[in-house]
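Protein chains: 2
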Amino acid sequence: MSYTLVIGNKNYSSWSLRPWLLMKHLQLNFTEVKVPLYQADTKQQLLQHSPVGQVPVLKTQDTAIWDSLAICEYLTEQHGNGWPEDSTQRALARAISCEMHSGFSQIRSLLPMNCRLRIAVTLESEPLKLEIERVLSIWKTQRQQHGDAGDFLFGGFSVADCMYAPVVLRFESYGIPVEQIHRDYMDAILALPAMQVWIAEGIQENEVISASEIYADTEEVII
Amino acid sequence: MSYTLVIGNKNYSSWSLRPWLLMKHLQLNFTEVKVPLYQADTKQQLLQHSPVGQVPVLKTQDTAIWDSLAICEYLTEQHGNGWPEDSTQRALARAISCEMHSGFSQIRSLLPMNCRLRIAVTLESEPLKLEIERVLSIWKTQRQQHGDAGDFLFGGFSVADCMYAPVVLRFESYGIPVEQIHRDYMDAILALPAMQVWIAEGIQENEVISASEIYADTEEVII
Chain P
299 MSYTLVIGNK NYSSWSLRPW LLMKHLQLNF TEVKVPLYQA DTKQQLLQHS PVGQVPVLKT
359 QDTAIWDSLA ICEYLTEQHG NGWPEDSTQR ALARAISCEM HSGFSQIRSL LPMNCRLRIA
419 VTLESEPLKL EIERVLSIWK TQRQQHGDAG DFLFGGFSVA DCMYAPVVLR FESYGIPVEQ
479 IHRDYMDAIL ALPAMQVWIA EGIQENEVIS ASEIYADTEE VII
Chain B
299 MSYTLVIGNK NYSSWSLRPW LLMKHLQLNF TEVKVPLYQA DTKQQLLQHS PVGQVPVLKT
359 QDTAIWDSLA ICEYLTEQHG NGWPEDSTQR ALARAISCEM HSGFSQIRSL LPMNCRLRIA
419 VTLESEPLKL EIERVLSIWK TQRQQHGDAG DFLFGGFSVA DCMYAPVVLR FESYGIPVEQ
479 IHRDYMDAIL ALPAMQVWIA EGIQENEVIS ASEIYADTEE VII
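Heads up: the protein sequence lines correspond to chains P and B, in order. Read in the working numbering, the first sequence has 454 at position 156, and its numbers run on one by one without any break. Read in the working numbering, the second sequence has 464 at position 166, and its numbers run on one by one without any break.
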């Protein structure tokens, strides 16, 4: 099976990271095509890969699959080891993954992923605080229930962890206060060799996307 | 297997319609629990069914599954006949379904589902027009490719049709101009006995959600 994964900038593209991380977890060989986002010809370039003109896109021998979650479902069908084995746990893993896939708009807009950034923010936005609380509640519930079976949301690593890995990077970048049980989960994600590669390569990129650098020059940040 | 599906108002709740339609397609027996949305105690009531406090929720003997797409995946795993059989077509069906699940924010906010409403709008918003064009492009591509195999997006009825059924209702409510190939698809969705039941019951509901009635008193509507 010959795969090409079309991604955006590693420093910024949270949606690209999700299937990329699963492909590394599944130890798949694939060609990586990077299309820098927010350039004049970005949309034109991306439309050559899929009808939506967005990242990520998985290109197989037969087709192009756009959307991060659809890619993760496809790869799990083809190679296994993406969702928990138990059907009830798998349903919950999908519910948590779908919640990330369609929600958390405040986190996505106010705490953009930026591997290079380390600042401490003061949180005042109630909608943002509610979303952060919900993420922390998901992580705590899952870790309390599956702590004995491994370091991840359902014990062993799954698509659900791929979906939340960019959120770990965001909470790290913005110094979001967490409890030890969250810290341990975040450390497990950050310690993945694939995550370390992604972060290092993101930091080394030259492109600067101003839309994602909204707090870069600020000393005191209140959101 | 004993199922309960928690839904919102049939007149307004597009996310509730999606798994409900799949359950009817799969000919499953289930108990329907309706929680009227936008009431003072709505959130409190919904939090008794799932940790996110949203509709829809599928309650099984073992657990509660929130999120429409996660519910559709679960039901397809349990009962089959939800996704196309061919793995490439299944990947595309998921990509199209995921695109609906996470996107089309303009359609969702500017053309709220309202089974009772029939008006003709003048479209001026470019972001909205782009999203409508994308939906029509998806429908046309799929119908051109699978027209010989049945009346739906992948020939036979699938989860992808559940995801777009509320969009059919919206385009119908707001008189969105379409070509014959789109019209035929919309008519196939609207002719489903389950859809006719949903619409009839939605129209008969007493509750009025002002947030979804944004065009109700207007004679000339420009969006």
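There could be a bad hint or two in this list.
Claimed, not checked - To spell it out: a stretch of chain B is covered by chain P in this simulated footprint if at least three of its residues, at any positions, have a beta carbon under 8 Å from a beta carbon of chain P; those stretches are:
1. 356 to 363
2. 371 to 377
3. 382 to 392
4. 415 to 426
What the hints assert, rightly or not - List time: in silico SDA-like cross-link candidates among lysine to any residue, alpha-carbon distance up to 25 Å:
5. B:K427 <-> P:L345
6. P:K427 <-> B:P425
7. B:K357 <-> P:H347
8. B:K427 <-> P:E383
What the hints contain is simulated information worked out from the structure, not anything from laboratory work. We put the beta carbon where it would ideally sit given N, CA and C, even for glycine.
Outcome of the hint check:
1. Proximity of the segment 356 to 363 of chain B to chain P, defined as three or more residues with a beta carbon under 8 Å from a beta carbon of that chain, is established by the 4 residues found.
2. Only when three residues or more bring their CB closer than 8 Å to a CB of chain P does the claim for the segment 371 to 377 of chain B stand; here the count is 4, and the claim holds.
3. Coverage of the segment 382 to 392 of chain B by chain P holds. Counting CB-CB distances below 8 Å, 6 residues qualify, and the rule asks for three or more.
4. As drawn, the segment 415 to 426 of chain B meets chain P at 0 residues by the rule of a beta-carbon pair under 8 Å; below three, the given contact is violated.
5. For the given pair, B:K427 sits about 18 Å from P:L345 by alpha-carbon distance, which is consistent with the 25 Å threshold.
6. Simply put, P:K427 and B:P425 have alpha-carbon atoms about 29 Å apart, too far for the 25 Å limit, and the pair is violated.
7. A distance of roughly 39 Å separates the Cα atoms of B:K357 and P:H347; the hinted pair therefore is violated under the 25 Å criterion.
8. Among the hinted pairs, B:K427 with P:E383 is inconsistent with the structure: their alpha-carbon atoms are about 43 Å apart, more than 25 Å.
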